[in-house]
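*Asks:* These are the residues of each chain, in order.
4 protein chains.
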Amino acid sequence: MAAEQKKKFTVGLVGVTGYTGMELARLLSVHPAMRLVRVTSRKEEKRKLGGLHPFLRGFACGELVISPPDPEDLASACELVFLAVPHGTAMTLGADLLRRGCKVVDLSADFRLREASVYESWYGTGHKAPELLVEAVYGLPELYGPRIAAARLTANPGCYPTASILGIYPALQRNLVEEDGLIIDAKSGVSGAGRELKPGSLFCEISGGFKAYSPVVHRHTPEIEQELSSIAAKKLAVTFTPHLLPVNRGILATIYASLKDKRLTLEQALEVYSEVYAGHPFVRVLPAGELPEMRNVRGTMFCDIGVVVDQRAGRLLLVACIDNLCRGASGQAVANANLMLGLELGTGLFMPALTP
Amino acid sequence: MAAEQKKKFTVGLVGVTGYTGMELARLLSVHPAMRLVRVTSRKEEKRKLGGLHPFLRGFACGELVISPPDPEDLASACELVFLAVPHGTAMTLGADLLRRGCKVVDLSADFRLREASVYESWYGTGHKAPELLVEAVYGLPELYGPRIAAARLTANPGCYPTASILGIYPALQRNLVEEDGLIIDAKSGVSGAGRELKPGSLFCEISGGFKAYSPVVHRHTPEIEQELSSIAAKKLAVTFTPHLLPVNRGILATIYASLKDKRLTLEQALEVYSEVYAGHPFVRVLPAGELPEMRNVRGTMFCDIGVVVDQRAGRLLLVACIDNLCRGASGQAVANANLMLGLELGTGLFMPALTP
Amino acid sequence: MAAEQKKKFTVGLVGVTGYTGMELARLLSVHPAMRLVRVTSRKEEKRKLGGLHPFLRGFACGELVISPPDPEDLASACELVFLAVPHGTAMTLGADLLRRGCKVVDLSADFRLREASVYESWYGTGHKAPELLVEAVYGLPELYGPRIAAARLTANPGCYPTASILGIYPALQRNLVEEDGLIIDAKSGVSGAGRELKPGSLFCEISGGFKAYSPVVHRHTPEIEQELSSIAAKKLAVTFTPHLLPVNRGILATIYASLKDKRLTLEQALEVYSEVYAGHPFVRVLPAGELPEMRNVRGTMFCDIGVVVDQRAGRLLLVACIDNLCRGASGQAVANANLMLGLELGTGLFMPALTP
Amino acid sequence: MAAEQKKKFTVGLVGVTGYTGMELARLLSVHPAMRLVRVTSRKEEKRKLGGLHPFLRGFACGELVISPPDPEDLASACELVFLAVPHGTAMTLGADLLRRGCKVVDLSADFRLREASVYESWYGTGHKAPELLVEAVYGLPELYGPRIAAARLTANPGCYPTASILGIYPALQRNLVEEDGLIIDAKSGVSGAGRELKPGSLFCEISGGFKAYSPVVHRHTPEIEQELSSIAAKKLAVTFTPHLLPVNRGILATIYASLKDKRLTLEQALEVYSEVYAGHPFVRVLPAGELPEMRNVRGTMFCDIGVVVDQRAGRLLLVACIDNLCRGASGQAVANANLMLGLELGTGLFMPALTP
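Those sequence lines, one after another, are chains A, B, C and D.
Note that our numbering gives residue 409 to position 302 of the first sequence, counting from 1, and the numbers run on in steps of one.
Note that our numbering gives residue 257 to position 150 of the second sequence, counting from 1, and the numbers run on in steps of one.
Note that our numbering gives residue 253 to position 146 of the third sequence, counting from 1, and the numbers run on in steps of one.
Note that our numbering gives residue 358 to position 251 of the fourth sequence, counting from 1, and the numbers run on in steps of one.
Heads up, a few of these hints could be off.
Identical chains blur together in the list; that is why a pair holds if it fits in one copy or across any two.
[Claimed, not checked] When the alpha-carbon atoms are kept at most 20 Å apart in a straight line, the in silico SDA-like pairs for lysine to any residue are as follows:
1) LYS367 with ASN282
2) LYS114 with HIS194
3) LYS153 with ASP177
4) LYS153 with PRO394
5) LYS114 with LYS155
6) LYS305 with GLU397
7) LYS153 with GLU397
8) LYS341 with ARG154
9) LYS341 with ALA385
10) LYS342 with ARG419
The set of hints was computed from the structure by calculation and includes no laboratory data.
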C-alpha cells in the first residue's frame, strides 16, 4: 500500500451517523489524496467508526474513534471539514471553523440562500452568520468551478436542486425556453429523507408504494429559484413537486418548459446541451431517443440528461437523473473539497455505477 | 356455502395467462353473482387453472381446465366474456362473440378509440371491425355509467387514461382550467407492462431504479385526448410522460393545469371535486392537505384524488392514484360487467386496500 | 346493501395503530357477520379511523371515532374483543374483559405459553393472570378447532410458530421424523417487526438487503417447542433462526428433520400430509415437485406446504409459507373469533392472494 | 490522468451482455493495472460497449466496439481473458485460448469439478477438455492463493459455493464439527439467475415475494461437496437448499453443523475463525453477537462471517454473506487474474460497500 504513504490532506467529518455522513465515509475511505482524521457524533461518541458502520470494517477509517464535535480539535487536526449536520447547527459550527482557519464544505441548507430573509422565511429561524452568505460559494461545479476552487466555504447544493438546475441550465442560459412557467416533477429515493426515525420512513410504509409530498412548499424551491433566476438574469418562480420513490438512492427530475422558438428540433436542443456541458465529465447528455435511468448513476457523480421535444405542445422536456446521496450530497461535497484543496475535480470520484 | 347455490351469470375469460387475466380470475373466483365457466389460453391448453396459477388452488375456478379460445363454445357457455388478449386479436374475437349473442368487455385498446383512422395511426394496423367503434361504450363508469349498463360491448379504458381522466374530469367539466397545455406526469408499476418476456421487465433491470419512457409518443395519449376533448367540448392535446416505478401495482398521475381564475382557492376546487364525484363510491376526493398514496388503493377499485392550488404559478395540481391492474384494468372490467348484467356497480368489488 | 341489515356480532379492536390492528380493520371492514363498533388507541384518541388509516375511507368502519381502551365500555358494546397490543398490556386487559363477560382473542404472547415460569424467563416479566393460562386455548384451528369454538379466551399464535408448527405437524404426529434435532430456518417480511420506530425498520436499512437476527434466542422459540413437544408427546428443543426479508408481508420456513425410516418416499410423505390436512381448507399441500411462494398466500389465510425428501442425507424438508399479518396474526384471529361466535371458520376469510 | 500511461496488462472479456460481464466491465473500467481491450458478444457485435451498457459511458472501455469471440484475435490482443459465457461453451474456448498462450479465468462451471464424470452427471453433457480439469485451479484465493498465482487456467467458483465454503472452512479444517449432516440454507439475489429472459426472473414474479427452489438437486451441490470433502479429507454430502430473494445482489448462507465437542464456546469458535482468516483481508469475521448483513458487502469482495453456538442443540451456526456478482463471480475473477498476473490480490478491488 505504498500509495497510503503519500502526503494527503487531512479532513474531518462532522455528523457521521446519517446517510450523507456514511456516504462521505465511503468515498473518503479510499480517497487517494485526503485522509479522514476526525469523525464526530455526540450520540455515538467513543465507538469505533467500523463498529457503528460495519461496512467500513477493514478500512483505515473504520478504526477511527468517534469524538464529539469540538471546533478547536477539528481545526487543529483538519485542513478541511465536511459538515453533515442539520440546518441551524451548521451555520454556527461553520463560522467557528472558518475563524480558526479551516476550510468548510457544508452539506446543510445554511449557506445556500444568498439572502438571510429568504432563509428565514423558508426555514423559520433567524440566520446566525448572515455575513458568510456573501462569501459562501454555491457548490455546483459545472456552474461555479473556479469560484469553488478559490473558496473557504462551499454551500453544497440540495439534491433536488442539483438535478433540477443541471437539467434546465443550458436551456435557460441559451435562451431556448420561457423563463416563466417551469414545472419540475421530481422523484427521489428514500435516503433523501435522512436517517431520522419518522413513521413515513419505515420500510412497510414505503415498499411497494409511491406518493407526492410537499408540493409547492418544499424547502428546495427557493434554492432552485435563486439559481435559475441567476442563470436567466430574471426573477422566476417554478412549480416544484417532489415524490417519494421506493428505492434507496436516486433522483429523477422531469422538467417541462415552453419553447421560445416552437420550431426548435431535438437535434438543435441536443447540440446546445452538448456544447454547454463539453468539458464537464460528470454530466452525460444522452443521444437522441435515450432517457436516463437511475441505475446508471447509482453510487456515482454522474448527472445523466435526456432531452425530448414535444412539438405538438411546443415544449422542451428535460429528464435529469443523479444519485441523491453521491452527486446530490456527499460526492459533490468531495468534488468541491477537491477543488478547494487544489486537486482535480474528479479525484477519487471517477467510478462507474453499481448496476444491477 | 349456500350462496354458491344462487343463480349466477356465467362468464368466460379469454387470455388467462397474463396479469390482467390473473386479476380477473382473482376477482371472479369469489364474485357473488358471476361464475367463471371458461378460461382460455392457446399456450396453456388442458392445464388446470390452479396448476397454472397456484394462488387459485382451493377455489372452484382453480379446477377449471384451460381451453383454446373457441367463439362458438364461449358463446354457448357464457352470457358475458372478458377479453384479456392483445390489441389486434380482440377486435375479431369480440365481433364474433357479439354476433353469437354474447356480451363482451374488452380490456384491449381495440374498441377505445372512436375513429378507426386514429386507431390505425397509433397502432399501425387497420381496424377490422370499424362498425363496432360506434357502438362500443368507453367503460369509465363515473362518466358513462348508464350507457355501459345498456351496452353489449364495453371498451375497458387503459390504466393511464383511467387515472388521468378521473383526475382532470371535474376541473375540465366545470371549466376551472385552461383546456390547452395540460401536462400529465404519470408513474406506473411494472405489471402495466404485462407478463411478456422483455429484458426491460426483468427484476434486476427495475429493482432499485426508475426511468421515464415513451414520452410524447405513448399509445395511451390519443385515448386520453379523445376523452378530455369530449369533456371540454373542444379538441385538445396533452403532454403525457409515463415513468416506470419499481413496484408491482399502481399508477399515480401528477397533473398540471392552468387556472382560468387565478384567485380560485383550494376550498373551492375541492368543493367542485366533491360535488362531481358525489354518489361515486369508488372515487375518494381527499381533504385539503392530503395527497394519495399507492398503498391505499392496492388491490381495489378506488381512485384517490388530491387537489393542490399553486397560487404563485396560477396552476391547479391534481394527483390521481389507482391500482393499475384492478381499477386500471380487471376490476373496472368487472364493474362494467356488473352494470351490463344488471348488477350494482360495486358487486364483489367493495374491499379495502391490502396495506402494508 | 341488504346484507348490511342482518344481525351481526359486535366486536371491538384494542390497538388499531399497528400493522396487526390495520389488518384486523381490513378484514372486519367487510366481514359479513361481525360489525366493528369500537376501535381504541390512547395516542390517536378522537380521530376518525379513516383519517388515521386512509385506506379505510369509504367504509363504515372508517367513520368510527377512536376511543381510549376502556374495559367497561368495550364489554358493554362488544360481544368479542381483539387485543392487538404489546405483551404485558394484554394480560390485564384480557382478564378484565373476560370478567365482564366479553370473549377475547389476544394477539399478543401473553396467553400462549401454558407455564407462567416459561413466560417469565423468556419475557422477563411476571405473569399477572396465570390462572388464565390453563383456560386459554392456543388458536391454531387445524390443531385445536373444537376447543377454540368452546373458548372464552384464545391465545392467537405467533407468526413464526404458525408456519413452523403447521409445517412440521403431520411429520411429527405420524412419527415420520426424529423428535430431536429439528432445524427451522425462517424468513419473515418486515411487518412482523411491527410499526414501532426502530432504526432497523427504516426503508433504507432493509431495502436491497437481508440478514439473520436473534438466532437461538428468539421469543417464538418456547412457543414452537411447547406445541411441537405436545404433538410429539415428548419434550423437544429446536434450532430456530429467523431472518429479515425485504418484503412487507410473508413468512417462509424451511424445516429440516431426520427421517426415522430412511426409505420413506416423497409420495408416502405427501400422502401423510394430505391425509392430515384433509378437511382443512386453509392448508394447501402442494403436489410433488412444487414449492410454496410467498406471493401465492399474500393477504390470505392459506398455509402452503411443500415437501421434499433428501434421500442422500436421510432428511425430510418441509417448506411452509404464510402471510405473517393475515394467517400469522389478524386473519387467524378473525378465524378464531368466527369459531368462538359459532360461525364457520372461513367466514369473511376465503379469498385468493393478491398477486402480483 | 498520468496513471493511465502506466503499462497495463491487456485483458479481454468474452460475454459482455450478462450480469457477470457487466460487473467485470465495471471493475475493469477503473482497474489500475489492467486494460480491457476486447469485449465480445455475438448478439451485440459492432455496438459500442457504452451504447449497450450506458453506465459505462464516459469511461475508456465504453468506447470499445463489441466484437464476436475470435480466439485468435483474443489471444493476440490479450494477456488474459475472462470467460463469462454459459457452461459448455467455455470449455472449448478456454482450451483454445490456452493453446494460443493466453491465460484464462473461466467464470462458468466447466473447470470447477475435478472429475469429468461428476461434471457429466450434473450437467448432462460430456466434457470436451477433460485433460484441463487436472490443471485448472479452483479460484478461491483464501484456499488456493499460491496455486492460483501459478496457474494458466482458473476455474472461478460458483456464488453459492464461495459463501458456503468460506463459511464452513475453518470449522471443518480445525475439526470443530462433524463432517456429516451439514445443512446449507442459502438465499440469493436475483442476479444470480443471470440475465436470460425467464418468466421467473420478471420483476412482478419476484418483487414482494420469496421462495425456495431446486432443493437437493442444485448444480452447485457437487462443487460444494468436492471442496468440503477436500478440506475434511473425507467424502461428505451436504443438504443444500437455495432460495430466491427479491434483491439484485447478495448471498447469505446459514449453515448448520454438529459440534464435535458440545462444550465449545463462542469465544473459542471465533478465535479459530479469526486465526484461519488472519492475513486474508477480504474475509471479515464479525465480533460475538454480530451477524452479517447483505448491505455491508454490496459491490465488494468481502465475505462477512458471523458465528453462533447453539448450546442446547450442540450446533455451530455459521452465517456467511457475500455479493454474488462481485465476490461470487466477477470480483473474484479479477482477484484471480490479479494473482495470475503477479499483482496484489486486492488491486482495484479494495472498496467499501455501497450502502444504503
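*Asks:* For each hint, tell me whether it holds in the structure or not.
*Replies:* Going down the list of hints, with the structure as the test:
1. For a Cα distance limit of 20 Å, the shortest separation of LYS367 from ASN282 inside one copy, 8 Å, qualifies, whereas the shortest one across copies, 28 Å, does not.
2. Within a single copy, LYS114 and HIS194 get their C-alpha atoms no closer than 33 Å, and across copies no closer than 48 Å, so neither meets the 20 Å cut-off.
3. For the identical chains of this complex, LYS153 and ASP177 are intra-copy neighbours only, at 14 Å inside a copy versus 46 Å across copies, given an alpha-carbon limit of 20 Å.
4. Taking the shortest alpha-carbon separations for LYS153 and PRO394, only the inter-copy value of 18 Å comes in at or below 20 Å, while the best intra-copy value is 51 Å.
5. Within a single copy, LYS114 and LYS155 get their C-alpha atoms no closer than 24 Å, and across copies no closer than 39 Å, so neither meets the 20 Å cut-off.
6. Only between protomers do LYS305 and GLU397 lie at most 20 Å apart by alpha-carbon distance; the minimum there is 18 Å, versus 37 Å within a single protomer.
7. In the homo-oligomer, the alpha carbons of LYS153 and GLU397 lie at most 20 Å apart only across protomers (19 Å), although the nearest pairing inside one protomer, at 49 Å, exceeds that limit.
8. In this homomeric assembly, LYS341 and ARG154 never come within 20 Å of each other (Cα to Cα): the closest approach is 50 Å inside a single copy and 44 Å across copies.
9. With identical chains, the CA atoms of LYS341 and ALA385 are never at most 20 Å apart, being 25 Å at best within one copy and 45 Å at best between copies.
10. Taking identical chains as interchangeable, the C-alpha atoms of LYS342 and ARG419 lie at most 20 Å apart only when they sit on different chains, with a minimum of 13 Å there against 28 Å within one chain.
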